[in-house]
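For reference, each letter of the sequence shown is one residue, going 8 to 181 in our numbering.
Think of the hints as simulated: they come from the structure by calculation, not from any bench.
Ideal Cβ placement from N, Cα and C applies to all residues, glycine included.
A hint or two may mislead.
As the list claims (entries may be wrong) - Straight-line C-alpha distance at most 30 Å; calculated DSSO-like pairs for lysine-lysine:
| # | residue 1 | residue 2 |
| --- | --- | --- |
| 1 | Lys55 | Lys74 |
| 2 | Lys174 | Lys56 |
| 3 | Lys56 | Lys74 |
| 4 | Lys177 | Lys35 |
| 5 | Lys177 | Lys12 |
| 6 | Lys176 | Lys55 |
| 7 | Lys171 | Lys56 |
| 8 | Lys12 | Lys174 |
| 9 | Lys176 | Lys74 |
| 10 | Lys176 | Lys12 |
| 11 | Lys177 | Lys56 |
| 12 | Lys56 | Lys176 |
| 13 | Lys177 | Lys74 |
| 14 | Lys35 | Lys12 |
| 15 | Lys55 | Lys171 |
| 16 | Lys156 | Lys55 |
| 17 | Lys74 | Lys174 |
| 18 | Lys35 | Lys176 |
| 19 | Lys35 | Lys74 |
| 20 | Lys35 | Lys55 |
| 21 | Lys177 | Lys55 |
| 22 | Lys74 | Lys156 |
| 23 | Lys74 | Lys171 |
Said to hold, decoys possible - What follows is a set of in silico ranges between Cβ atoms, one per label pair, in the way DEER data are often shown:
| # | residue 1 | residue 2 | range |
| --- | --- | --- | --- |
| 24 | Val150 | Asn180 | 17 to 25 Å |
| 25 | Leu16 | Glu170 | 14 to 22 Å |
| 26 | Val150 | Glu123 | 29 to 37 Å |
| 27 | Arg141 | Val59 | 49 to 57 Å |
| 28 | Asn68 | Gly162 | 15 to 23 Å |
| 29 | Pro173 | Asp75 | 37 to 45 Å |
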Amino acid sequence: MELSKETLLLLEDIERRIDPETEDDLEKQWLDFTYGRFDGDIFCPNRKKLSVPSVEPPFININDAIKDYDLMLRGQLAGVSGALNGTHNTLCIRANYGTGIMTSLFGAEIFIMPYENNTLPTTRPFNDTERIRRTVDQGLPDVMNGFGKNVFEFGEFCAEIFEKYPKIKKYVNV
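Using the sequences and the accompanying hints, generate a full structural model.
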């Protein structure tokens with residue numbers, strides 16, 4: 008698979024900036040909170056070491072990203088880059104196809120928002136009780152219907168790319 012120069016530069020920048028000690032500590036803070044080991048008043052995890060990007064993460068319109076895994080990855084990596092520079096968030100990316108992922112599995116029509124809105128797609132409602140009954144009677148849908156195919160393909164795309172970046176593979180959750 009061919010990645011754009013911009014995505015490769017962002018991947019290399021993030022790989023260089025990930026500090027394992029910092030990420031392990033942040034994960035420990037979150038796990039301590041999750042499992043009741045936090046004893047403070049207000050939980051606000053803190054990244055011990057911030058890392059300023061050397062590559063400016065780009066703006067990616069969601070309508071472009073939903074049609075192109077390279078753009079989807081680059082847009083998601085922008086969030087990872089920002090997290091390394093100062094948020095309490097763990098490092099993660101997602102297949103960013105909106106709230107209509109699940110309903111599209113059942114055959115709901117995908118609705119792409121106008122480009123200028125830069126808003127995630129959704130699905131149109133069935134608005135038909137009989138259609139809903141038929142859908143329920145059909146049982147579980149194929150997870151490759153609708154946006155399901157994109158979600159799983161994007162996950163595989165990321166897994167393949169992250170093989171070349173050991174710190175990203177370990178610390179960036181998909």
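Given the proposed pairing of lysine 35 with lysine 12, does the C-alpha separation stay at or below 30 Å? Cα-Cα ~34 Å, so violated.
Holds or violated: the 17 to 25 Å window for the beta-carbon distance between valine 150 and asparagine 180? holds, 20 Å
Asparagine 68 paired with glycine 162, Cβ distance criterion 15 to 23 Å: This hint holds: roughly 22 Å between Cβ atoms.
Given the hinted pair lysine 12 and lysine 174, is their Cα-Cα distance within 30 Å? holds, 20 Å
Taking 29 to 37 Å as the hint, is the beta-carbon distance of valine 150 and glutamate 123 inside that range? At 32 Å between Cβs, range holds.
Between the alpha carbons of lysine 156 and lysine 55, is the straight-line distance 30 Å or under? Answer violated: lysine 156 to lysine 55 is near 38 Å, above 30 Å.
Has the given pair, lysine 177 with lysine 35, been kept, meaning a C-alpha gap of at most 30 Å? Distance ~15 Å between lysine 177 and lysine 35 Cα, so the pair holds.
30 Å Cα cutoff - pair lysine 177, lysine 12: holds, 23 Å
Is the hinted pair lysine 176 and lysine 12 satisfied, with a Cα-Cα distance of at most 30 Å? Since the Cα atoms of lysine 176 and lysine 12 sit roughly 20 Å apart, the hinted pair holds (cutoff 30 Å).
Is 37 to 45 Å right for how far apart the beta carbons of proline 173 and aspartate 75 are? violated, 26 Å
Lysine 176 and lysine 55 were given as a pair; does the straight-line alpha-carbon distance stay at or below 30 Å? holds, 21 Å
Within a Cα-Cα threshold of 30 Å, do lysine 171 and lysine 56 meet the stated pairing? holds, 24 Å
Going through the hint list in order, the structure does not satisfy hints 1, 3, 14, 16, 19, 29.
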